[in-house]
Amino acid sequence: MPDAKQALFNDGMKKELFCLDGTIPVNYKGTTYNIPVCIWLLDTHPYNSPMCYVKPTSYMQIKVSRHVDQTGRVFLPYLHEWSPVRCIKSQKIMI
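The numbers in full-length UniProt numbering rise by one with no breaks, and the one at position 85 of the sequence shown is 85.
A portion of the hints provided could be inaccurate.
Result set (EDC-like, lysine to aspartate or glutamate): computed pairs, CA atoms no more than 20 Å apart in a straight line [claimed, not checked]:
#1 Lys63 / Glu81
#2 Lys63 / Asp43
#3 Lys55 / Glu81
#4 Lys14 / Asp3
#5 Lys55 / Asp21
FYI, nobody ran anything at the bench for these hints, they're computed from the structure.
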């Protein structure tokens with residue numbers, strides 16, 4: 001269930017948005033790690049893609065890659081090529 005939380009943007013702006021917190025299992029070298037993530041739904045959703053972040057615990061650190069920046073922001077083709085039509089169609093299928 002999404003929670004309404006205060007989001008802080010890079011420009012210092014704050015906005016109350018829905019946030020989905022959870023973990024995603026990732027297999028790495030034969031071990032499964034549950035990576036904590038936060039998915040922010042913008043007030044313009046589904047017309048704009050969600051903002052996804054890796055939220056490391058105190059004993060984790062972010063490994064910067066082409067898919068994750070130093071702030072934990074996730075960059076994936078699915079998000080970059082976001083289509084509100086595709087999103088709405090998939091939501092209709094789930095219903």
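Here is what the structure says about each hint:
1. Lys63 / Glu81: Outside the cut-off at roughly 24 Å; violated.
2. Lys63 / Asp43: Cα-Cα ~29 Å, so violated.
3. Lys55 / Glu81: The hint is violated at about 23 Å.
4. Lys14 / Asp3: holds (16 Å)
5. Lys55 / Asp21: The hint holds at about 9 Å.
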